[in-house]
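> Could you build the full structure based on these sequences and the hints that come with them?
First to last, the sequence lines map onto chains A and B.
If you use the working numbering, the first sequence closes out at 110, no skipped numbers anywhere.
If you use the working numbering, the second sequence closes out at 115, no skipped numbers anywhere.
One or more hints might be untrue.
To be verified - Partner residues aside, some chain B positions facing chain A, computed with beta carbon under 10 Å:
#, residue
1, 35
2, 41
3, 44
4, 56
5, 58
6, 92
7, 102
8, 104
Stated by the list, open to error - With a cut-off of at most 27 Å between alpha-carbon atoms, the simulated BS3-like pairs for lysine-lysine come out as follows:
#, chain 1, residue 1, chain 2, residue 2
9, B, 44, A, 3
10, A, 69, A, 52
11, B, 62, B, 44
12, B, 51, B, 62
13, B, 44, B, 27
14, A, 3, B, 62
15, A, 69, B, 44
16, B, 51, B, 27
17, B, 27, B, 71
Everything labelled a hint here was simulated from the structure, so no lab data went into it.
The beta carbon of each residue, even a glycine, is placed where N, CA and C say it ideally should be.
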Amino acid sequence: DAKTTQPTSMDCAEGRAANLPCNHSTISGNEYVYWYRQIHSQGPQYIIHGLKNNETNEMASLIITEDRKSSTLILPHATLRDTAVYYCIVSRTGANNLFFGTGTRLTVIP
Amino acid sequence: NAGVMQNPRHLVRRRGQEARLRCSPMKGHSHVYWYRQLPEEGLKFMVYLQKENIIDESGMPKERFSAEFPKEGPSILRIQQVVRGDSAAYFCASSLTTGFSYEQYFGPGTRLTVT
Numbered sequence: 001d002a003k004t005t006q007p008t009s010m011d012c013a014e015g016r017a018a019n020l021p022c023n024h025s026t027i028s029g030n031e032y033v034y035w036y037r038q039i040h041s042q043g044p045q046y047i048i049h050g051l052k053n054n055e056t057n058e059m060a061s062l063i064i065t066e067d068r069k070s071s072t073l074i075l076p077h078a079t080l081r082d083t084a085v086y087y088c089i090v091s092r093t094g095a096n097n098l099f100f101g102t103g104t105r106l107t108v109i110p
Numbered sequence: 001n002a003g004v005m006q007n008p009r010h011l012v013r014r015r016g017q018e019a020r021l022r023c024s025p026m027k028g029h030s031h032v033y034w035y036r037q038l039p040e041e042g043l044k045f046m047v048y049l050q051k052e053n054i055i056d057e058s059g060m061p062k063e064r065f066s067a068e069f070p071k072e073g074p075s076i077l078r079i080q081q082v083v084r085g086d087s088a089a090y091f092c093a094s095s096l097t098t099g100f101s102y103e104q105y106f107g108p109g110t111r112l113t114v115t
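Below is the structure:
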């Protein structure tokens, strides 16, 4: 599975959009981009995933560049409850497991 | 629809004892995954099971650790003769399928402390 690179930490003001970048320059054609988050001491929570088209759900939007070498997770109106570690994961179809790196620690500031 | 359930949530064992961690997947899910998270680190895959079968145990330590997912009942992660280095949070996840893109749903974890 391709490796991902994320900033270690980010801050975001409450109510503003949080844009979390992820580089995955070695991604293969059959690999999806997944985003999970882990709020302190809880199990990871699935957010969104995509292959090459931009995706949106009730939690977030996922923007994948045309060459698929990077992506951005967008939380449109960050709240204090969005403070968490966000993991960008690249995984091929049918993979047995997810590789969680160190993620980005997002702190939403009042 | 109940989520993934794990018990116990906290487990304290003395060195040399056995630890049994239980995971009940979401209703209708037949794929179970176990991950371990050491303090300040990301989750590390341990094992992937389907009913009555271990599919991938590439992340499991070779000794003392075993996992099962019987036809009836929860999945069990068993750690024999625990050592201090086994202290960690153990998370279970389940999924509906692995054939196509899928998401894993995680339980709240079991925090194992070895004294």
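> Does each hint hold? Answer for all of them.
Here is how each hint holds up against the structure:
The closest approach between the C-beta of residue 35 of chain B and any C-beta of chain A is roughly 8 Å, which is under the 10 Å cut-off, so the hint is satisfied. Of the supplied interface hints, the one on residue 41 of chain B holds, with its beta-carbon coming within about 8 Å of a beta-carbon of chain A, less than 10 Å. At about 7 Å, the closest approach between the beta carbon of residue 44 of chain B and any beta carbon in chain A falls short of 10 Å, and the interface hint on this residue holds. A least Cβ separation of about 4 Å between residue 56 of chain B and chain A falls short of the 10 Å threshold, and the interface hint therefore holds.
Annotation: residue 58 of chain B was flagged as interfacial toward chain A, and the flag holds, the nearest CB pair being 8 Å apart, inside 10 Å. Against a cut-off of 10 Å between C-beta atoms, the interface hint on residue 92 of chain B holds, since the closest Cβ of chain A lies about 8 Å away. Because the smallest distance between the Cβ of residue 102 of chain B and any Cβ of chain A comes to about 9 Å, under 10 Å, the interface hint for this residue holds. Hint status for residue 104 of chain B: holds, given a least beta-carbon distance of 6 Å to chain A, under 10 Å.
With a C-alpha separation of about 14 Å, the suggested pairing of residue 44 of chain B with residue 3 of chain A holds against the 27 Å cut-off. Annotation: proposed proximity of residue 69 of chain A to residue 52 of chain A holds, straight-line Cα distance about 10 Å (limit 27 Å). With a C-alpha separation of about 15 Å, the suggested pair residue 62 of chain B and residue 44 of chain B falls inside the 27 Å cut-off, and the hint holds. Taking the CA atoms of residue 51 of chain B and residue 62 of chain B, the gap is about 22 Å. The hint holds against a cut of 27 Å.
For the hint linking residue 44 of chain B to residue 27 of chain B, the alpha-carbon distance of about 25 Å falls within 27 Å, and the restraint holds. Between residue 3 of chain A and residue 62 of chain B the alpha-carbon distance is near 26 Å, which keeps this suggested pair within the 27 Å criterion. Straight-line distance between C-alpha atoms of residue 69 of chain A and residue 44 of chain B comes to about 24 Å, which keeps the hinted pair within the 27 Å bound. Of the supplied pair hints, the one linking residue 51 of chain B and residue 27 of chain B holds, its CA atoms being roughly 13 Å apart against a limit of 27 Å.
Distance restraint check for residue 27 of chain B and residue 71 of chain B: the Cα-Cα separation of roughly 14 Å lies within the 27 Å cut-off, and the hinted pair is therefore satisfied.
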